Structure formats: structure tokens, C-alpha cells
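Chemist: Be aware that the sequence shown starts at 568, since it is given in the numbering used here, and climbs by one per residue.
Where hints are given, some of them may not hold.
[Unchecked claim] With a straight-line Cα cutoff of 20 Å, these simulated DMTMM-like cross-link-like pairs (lysine to aspartate or glutamate) come out:
hint: 1; residue 1: 672; residue 2: 765
hint: 2; residue 1: 764; residue 2: 731
hint: 3; residue 1: 647; residue 2: 683
hint: 4; residue 1: 604; residue 2: 660
[To be verified] What follows is a list of derived Cβ distance ranges for each label pair:
hint: 5; residue 1: 723; residue 2: 750; range: 31 to 37 Å
hint: 6; residue 1: 702; residue 2: 596; range: 22 to 28 Å
hint: 7; residue 1: 720; residue 2: 670; range: 33 to 39 Å
hint: 8; residue 1: 822; residue 2: 784; range: 32 to 38 Å
hint: 9; residue 1: 856; residue 2: 766; range: 16 to 22 Å
The hints are simulated quantities; they were obtained by calculation from the structure and are not laboratory data.
Note that the coordinates shown come from a computational prediction; the quantities given were computed from them, not determined experimentally.
Glycine is no exception: its CB is placed at the ideal position from the N, C-alpha and C atoms.
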Amino acid sequence: MNTVLDHVQPPVGKPKWLRVKLPTGQKYTELRGLVDKYKLNTICTSGSCPNMGECWGEGTATFMILGNICTRSCGFCGVKTGRPETVDWDEPEKVARSIKIMNIKHAVITSVDRDDLKDMGSIIWYETILAIRRMNPQTTLETLIPDFQGVERNIDRIIEANPEVVSHNMETVRRLTREVRIQAKYDRSLEVLRYLKEKGIRRTKSGIMLGLGETEEEVIETMKDLRAANVDIVTIGQYLQPSKKHLPVKEFITPEQFKKYEEIGKELGFRHVESGALVRSSYHAQKHIL
């Protein structure tokens, strides 16, 4: 890989600040029982999120729609790549029912990329948001959307459904985008975020992961680009290699450096900045609607 940090040896073993306590607590135990009993599909469990206990304790959970096979082959992502299954048109009701069973106060919805579909999955997205609204009128929503290849009519369906927060992740800095995200484009993602805000979405959000070989200057440049697109919320976390087939971790970012990025983000004018080794896209998501 042709990056600034190529001369650095890959880290050996995870540092102590990446150690995670096993989730505990009455709320977590109750929700875990419901997920297992009803075979509910949360990305919290399937993605083994380190913050699952904390989020569930606060009544927040993340659900993935449109299957578990992605049409893209990003170098960082543990989701399978290949030919996706046919669309399940009952999925909106199933997700809405899961949220009701779990009594979720704030739901985050995400999906794989569906470049195989004419609408790129945007109709199921729209129907899912509406179904959640019907069945769970008190539940607030964040949608972590793909770029829909930048096609406005697909993005417009999300805007029409009007969730409280719409998120789209940059994932990495400009220089590493082609390597890390492969079929995605840095400027296209920025344009999606800019378009969402221009069309009236109240809170927009994006996330980046560190440790792939980016420099501090590049991280700050990305944060500035996000602010220029009027993004309200940014999450910054540590990249962890899902398998040996994925991109290696070049560096474990220290807690002090994450704190520095948090302070820079606040100075740049972000409404919320979540910056830390274990931060993921939906971390503290319930606070981002404020």
C-alpha cells in the first residue's frame, strides 16, 4: 500500500485502551433475551459492537436492512460481498415490529449497498422509515445511508421520509478513499451530505475511522470538508481489521490524539463530536437529535 506510514510496522496486539468490558445490566439482559427469542436482526449483535451494552442500556439499537450481502467490496468492511438476495418487501414491517418488541427509544437504520437495484434500495428505505413511524410514533430515527451513487431521486426518498438524523460516512481521508472504499468517491459522499442539508434535513452526520495510514493533517482536512458541507455531527473511531483478508491496521491512535481531534472538531463548529478508540457510527446516537 502506497501510504505515508508504509515504513511503520503493523501494530502487534491491541493496546489496553481497546479492551472492552462484557455488556451487563438489566436492560441489556432483557433486550438480549428478546433478540434471541424473536430472532431479531440487529447489527449490534451481528457486528459484535463494543458499545452494545451501553447503547442498549440507553434504549438505542441499530438495524440493518436490505440483506447482509453487499454489492461493494470495501477493504475495511466485514460484510460479505457478492450477489445479494431478492428484496424482502415485508422487511419494513419486520423492522418496525422488532423496534416495538424491544421498546427502542432511538433506532438507527443502516443497510448494505444495493447497486444491483434500479432504485438502489431507496424504496425499501422509505417504506421502512414510514413503517417505524406508524408502529412506533414515539421512537426517534437516524438513518445511516449509502451514497445511492449520488442519484438525487433516490436520496429524495430519504428526505421525504424525514428522519431526525441522516448520516452518511466518509470512512477515511481523501487520499485513501480509492483503496479503502474502492467503489465510492470522496467528493460524491460530500455532495450527498451537502444535498441532504440543502434540502432541509435537520441533522446531518458523518463518520471516519483512523489507523489506516492517514496523517493528522488529512484528518483535519476531512473534518473541514465536512463542515464546509454543513455537516452537524462527526464520529471518529479506531479502525480494527475484521479478518486477514482486509486492510491491515497501520496504527493504533492514542486516547490523547482522539481527544485532540474532539477539541479541533468543536473549534470547527460541529454540534456533536464523538472521538475515541471504541466510537462507532451509532455511538451516543440518541444524543445527536438534540
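Chemist: Take the hints in turn and mark each one as holding or not.
Modeler: Hints, verified against the model:
no. : hint                     : in the structure
1   : 672 with 765             : violated, 28 Å
2   : 764 with 731             : holds, 12 Å
3   : 647 with 683             : holds, 15 Å
4   : 604 with 660             : holds, 18 Å
5   : 723 with 750: 31 to 37 Å : violated, 22 Å
6   : 702 with 596: 22 to 28 Å : holds, 24 Å
7   : 720 with 670: 33 to 39 Å : holds, 35 Å
8   : 822 with 784: 32 to 38 Å : violated, 20 Å
9   : 856 with 766: 16 to 22 Å : holds, 18 Å
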